[in-house]
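Chemist: Let chain A serve as the given structure and place chain B on it in line with the hints.
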Amino acid sequence: MRRLFLVIVVGWQLLLLPCTISANDGLSGEPIRPVPRRHDENSRKVALGERLFHDPRLSGDDTVACSSCHQLAIGGVDRLPRSFGVGGAVGVINTPTVYNSGFNVAQFWDGRARDLEQQVEGPVHNPVEMLSDWPQVIAKLNKDEQYPAVFQAVYGDRIKREYIRDAIAAFERTLITPNSPFDRWLLGDFKALSEQQKRGYSLFKSYGCVACHQGVNVGGNMYQHMGAMGDYFSDRDEAVSDADLGRYNVTGDASDRHYFKVPSLRLAALTPPYFHDASVDTLQEAIRVMGLYQLGRNIPDADVQAIEAFIKSLVGTHPRLNP
Amino acid sequence: MKGGRFGVAQYVLLVAMVGVILLFVQNRAMDVEQHNQRVDLLLQLKQVEGELDRDVLLVTSFLLEQYDSLVKTTHRLHRLSGEIQSAELDVSGEGAERYRTELSGYLDTQQRKLALMERIKSKAALVRNGLHYLPAAAKQLHEEDERLGSEVSDVLAELLRYNLLSSDSGHWHIARRLNELARSTSVPVAARIAYDNVLFHMQANLRLTGELDQLRSAYTAIPGIERFDALYAAYTDLYAAQSRRAEIFSLVLLVLTVALIGGLGWAFRDIYRERRRAQRAWNQLRDAVESLSEAFALYAPDGRLVLHNRRYLDCYPWLSEQLGPNMLLSAVRSANKRAGVQVQYDSEKAEPVESELPGGQGRTYVEQLREGRWYLASDTRTSAGETVCVRVDISDSMRREQELRKLYRALEQSPASVVITNTEGNIEYVNPKFEESTGYTAEEAIGQNPRILKSGDKSPEEYKDMWETITAGKVWRGQFHNKRKDGAIYWEAASISPVRDGEGDITHFIAVKEDITARKRAEDQLRLNATVFDTTTEGIIVTDADGRIKTVNPAFTRITGYEAEEVVGKKPSLLSSGRHDEDFYTAMWHGIRTRGYWSGEIWNRRKDGSVFPEWLSLASIPNDRGEVQEYVAVFSDITRRKQDEEQIRRQANYDALTGLPNRSLLVDRLARSIAGARREDSMIALLFIDLDRFKGVNDTLGHVMGDELLQMVAERLQVCVREVDTVARFGGDEFVVILEDVKQANDAAEVAKKIIAELDSAFSLANREVFIGASIGITLFPTDTDDPSSMLRNADMAMYRAKDAGRNNYQFFTLTMNEQVQQRMALENDLRLALERDELALHYQPIVRFDSGELVGVEALLRWRHPQRGMVSPDTFIPLAEETGLIGPIGRWVLKTAVAQAAEWRRAGLHMRMSVNLSSRQLSLGLTVDEVADTLAENDLPAAALTLEITEGMMLEGAGEMLTWLKALKKLGVGLSVDDFGTGFSSLSYLKRFPMDTLKIDRSFVDGLPDDREDVSLVQAIVAMADSLDLKIVAEGVETERQRRFLQHLGCDLAQGYLFSKPLWAEAIPAFVSAQGTGPKAALMDGG
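Protein sequences, first through last, are from chains A and B. All residue numbers for the first sequence refer to this note's numbering, where the first residue is 16 and numbers rise by one. All residue numbers for the second sequence refer to this note's numbering, where the first residue is 62 and numbers rise by one.
For reference, chain A alone in the conformation it holds in the complex:
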């Protein structure tokens, strides 16, 4: 019997050998990669994008800017379950952070925008967000004293929709948060993490969280079934809404029901409430829910705390970020 068991263990080791081997060649073998310290966007374009990002004229009644919901100082979110749009309209889904969004495979919870440029279209036209359209926005920007000249200087042309999208996307690509304690640890500063955080990272990997939350953005590069190992939506009190259908809304394929883009954990410590439906207020509870429904595991409190400590070590820096 003991022999059989040994076979299994050895077999498993064989199966997973490639991972082990790649893990040996230094920290580069870790499934999480550090956030780059630099971006290579054009600085004038970025400055223009930043102005537009904060400009409420992109909304129908001049009250809502990108920055209204994506408040850069507190983590690129508004920390509300649902954001408020033009005229007090309430959104249908929790606002994800704008930081590090350039690393994502696609934008929005359901990935309906292929890139940041496409993403800009979404909120501008959404009736519960900014409720506007491009001709209206461009007409308003043309009345500004400076915009026409700035666009001319940056793009050599008058104001057009693709330039607005390009500038905002360029700005958003600069919203990266390098230098987190964890990244420093990855790059060789072994004192950057506490023992608990190191243990948290190790648990994060061994529980299997890292299977989805990996890469530079600790997530954001794939989709996953919300409730892979347990029926999250039937356990939840609320009825299933359209937004809960996730990626199905984009592909129309029944097997994509309840699939969502795996959110980045880079700033998770700063951006409660959690999940697309904002059903959980604390990070610990989120870790517990994830363990239960995504891993089929009950994670003990001590482990939850260690993982939480690890997630907190993922928070990097950005000049605008000031939580």
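Derived by calculation from the structure, the hints in this document are not laboratory data. Even glycine gets a Cβ: it sits at the ideal position worked out from N, Cα and C. Check before you lean on any hint, since a few could be wrong.
[As the list claims (entries may be wrong)] In silico contact screen, one side only, chain A against chain B (beta carbon under 10 angstroms); selected entries:
{"id": "1", "residue": "P142"}
{"id": "2", "residue": "C227"}
{"id": "3", "residue": "N232"}
{"id": "4", "residue": "R262"}
[Claimed, not checked] Per label pair, the in silico range of CB-to-CB distance:
{"id": "5", "chain 1": "B", "residue 1": "E112", "chain 2": "A", "residue 2": "P334", "range": "48 to 58 angstroms"}
{"id": "6", "chain 1": "B", "residue 1": "V1077", "chain 2": "A", "residue 2": "D77", "range": "50 to 60 angstroms"}
{"id": "7", "chain 1": "B", "residue 1": "R159", "chain 2": "A", "residue 2": "D268", "range": "23 to 33 angstroms"}
{"id": "8", "chain 1": "A", "residue 1": "Q211", "chain 2": "B", "residue 2": "E112", "range": "56 to 66 angstroms"}
{"id": "9", "chain 1": "B", "residue 1": "S1078", "chain 2": "A", "residue 2": "V105", "range": "32 to 42 angstroms"}
{"id": "10", "chain 1": "A", "residue 1": "A88", "chain 2": "B", "residue 2": "V1077", "range": "55 to 65 angstroms"}
Modeler: Just chain B now, with coordinates in the frame of chain A:
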């Protein structure tokens, strides 16, 4: 014919050129660089697809630690798809459709691959987690129960194998075994959880592995390579087809080019022939030009000299050196100008010679040279743009014309009319002066006979005489009284003489005429002026510069009595009345010297010695050099006007609006009436009338309507009284009526009733009915008083009494009224002394808790013990104190006393709040916040122990200042309470603005509880409102147990009233507190 052929040739050339360009462009449509780029893109796409396949393989083999590389591949694939799709747009021609279909098919497979890859990523992550976890789970089970652990491990080993090798049969086999295990009943309870857990994860892992397997198969089944090969083949075919087409285009291009070059050679031959023909024509032209008698030159469109003859050089000898084929027309013109050639035009409108002539037009002008030679110049522009210059020498005729022009100009400018007729008398010429003086234009006059000007006052004999004189060849002179075209008559002096030709025969008559109308008119004007001078009613004196009278008119004589002969040569000062001093005359002369005139009122003396006022206007008349030549004085007797002014002054006693006697006249009349009544021992009545709602009318309809209303009232009042009575306007909307000779008081009452009835009926104003009314006070003489001013005061007082009694009625003045006034004054005096005499005292009414009856505070109540009257009610003396300002010192005393008392109790261990009433007048009388603070500090009482009570009225009054005052008090820590709440008009908004803590429900509402429905709902509302504003409630005047229960039930906190205690002397308060122990019932008994 030739032109037609050229046109066709041009057209063919154009078409050919367009063809060549089109072919060239077509050929460029598929250039090599573009082809390379496209192939490169396709290959890149294929390469990325390969990367994708490799990544998917890595994912399914769990070899990929993180998916960032997949993100990059995905983005790159998206970008390449976008690029190739936009490049595909300009693909056209044979095979393009197939290429496009293949391309979109291929891109579609890519998208499908991407979609599958996303699902593979998700599944792979889950499967991998299962693989990680299962050994640990199995191990845990093994530790719990070795037998079960072995069984499960067995299946687990199969699962592992399945994972490595993955076959369908393996899947079903493991699934069956797992089902068996799940059905197993021999699981010990202790191992149940671990057993279920490991089975759950194994089942999930098996299911997910199966799904992953299917996805992998689906992915590999996508025919990526085949589609790419098909796409690439389609593209190669497209490119080949386009290359073939390009070759055909090149060939056509070659043929066209050869044809064009051939055509060009043929055209050159044609041109050469044409040139030779033109040369021959040129030579013929030059010979013809040389033989012309006029000077001739031809300039090309660019101004270059083309051709000229010898005579042209003769005309401008100075050009001979320069004139050559390259001489420019502008250079010729400037050389001519230097040589002194002047250009003259026939008409003013002609353009300057230098300007360009429009094609096909000519310009003719005259050139004058220095040596007195004249050329008639003609410059003509041909349709081809050349300028043809022709010169003819016209010096002789020009000289003659110049002479004639001088004479003609003299005639045109002559100040006399000139008419030339033929021997029949028909007009052949008139000059501009004639047009001006007759109104006929030259065109109208020419061909007419001069008799069109006849006014008809000259006899036929005179005309006959004139004709005989001039036909005899003599000059006739005389005057005409002529008629202008517009009918106006004018005078002319004329001289008519005949003109003879070479043979001495008369050919024409010339009439030269001068307009003498103005002279005639001036004579008439002088006559007219003389008549005005003689007939005007105003006296006129004309003096010389020294002031000696030169002449006077008859009116002067009428006014002053002096004849002209008596005053001529004298100075006007003989009229002086002596009423004006030296300064007056100095000012008058100053006005004349500086401004040239003076006018004003002056008193003069007539010949008979009487003095009269006159309005005098003096003016100086300067001569041409501006020196004074004469003075003219015009004056009128204004005795009558002076009398009128007197009349106006007298009317100042009447009210301008209503025409009624005004106040001053009223006082006058009243005095006279009283005097008369005294003399005749009769009685008079004085009615003081005040309109009740006049102010409303004024405010709503405006002052104009208000004035109209007052006029109507005046009319109605006058109807109500007799002729002998006086109706006066006293001021504003107050009227006074004096009734003369009243027999009894009732007579006056009757008139008052009549007036009230009259003024009570509707007034029609601004198209609407307006109702006012009147209150009337009546006083009688000699019954009430015998002096006019106190009569007015008495009536006024009675009128106010009438108003108090409800308006629209009348009141007689009574001595009682007077007494009340006296009494009030006495009370006021006593109140002034009350503080000094120590007659004021404070009582304290307990404020208790509803539930426990516990005393929480007292309200300080002011009492006045009057030495004669006994207790005076605060309702009587507080308003009086407020009116007179005595509330200032009294209020201070109350505050100090109450605070001192509270401090004393405090020292004795009695802690309670002291409520003190404030009056709004105290603010204006200077009770400052500092003073309150000082009072508290002096007595060492904390501010929180003091509550100041204000009334609702105070909140409504001077909101701004009051608000600041109260806020400052509040800041001090003093409590603020609204007294008698509910009686005023305060609203929620007021309460919110003011920093209040407590509301005191007025006793009048508590009275009705709990039976009066209205009171109940009102008190409920107040309590609810207080709750919402977080205010405490004190119910005032709680007298019965039922009220107490009701209010307590409503949730009132505090109460004040006889049920608990009446107001007590300070000394009784400690006893009340100690009696509390027995509860509210005891308090009730104490309070009685």
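Chemist: Look at each hint and say if it fits the structure.
Modeler: Cross-check of the supplied hints:
1. Given hint, A/P142 at the interface with chain B, is violated; its Cβ is 28 angstroms from that chain's nearest Cβ, farther than 10 angstroms.
2. Interface hint at A/C227: satisfied, since its Cβ lies 5 angstroms from the closest Cβ of chain B, which is below the 10 angstroms cut-off.
3. Hint status for A/N232: holds, given a least beta-carbon distance of 8 angstroms to chain B, under 10 angstroms.
4. Interface hint status for A/R262: upheld, as the beta-carbon distance to the closest one in chain B is roughly 8 angstroms, under 10 angstroms.
5. Between B/E112 and A/P334 the CB atoms are about 36 angstroms apart, so this pair departs from the stated range of 48 to 58 angstroms.
6. At about 52 angstroms, the CB distance of B/V1077 to A/D77 agrees with the hint of 50 to 60 angstroms.
7. The beta-carbon spacing between B/R159 and A/D268, approximately 30 angstroms, falls within the hinted interval of 23 to 33 angstroms.
8. For the hinted restraint 56 to 66 angstroms between A/Q211 and B/E112, the CB-CB distance of approximately 40 angstroms leaves it violated.
9. Look at B/S1078 against A/V105: about 40 angstroms separates their beta carbons, and that is inside 32 to 42 angstroms.
10. A hinted range of 55 to 65 angstroms for the beta carbons of A/A88 and B/V1077 is consistent with their spacing of about 57 angstroms.
The structure shown violates the earlier hints numbered 1, 5 and 8.
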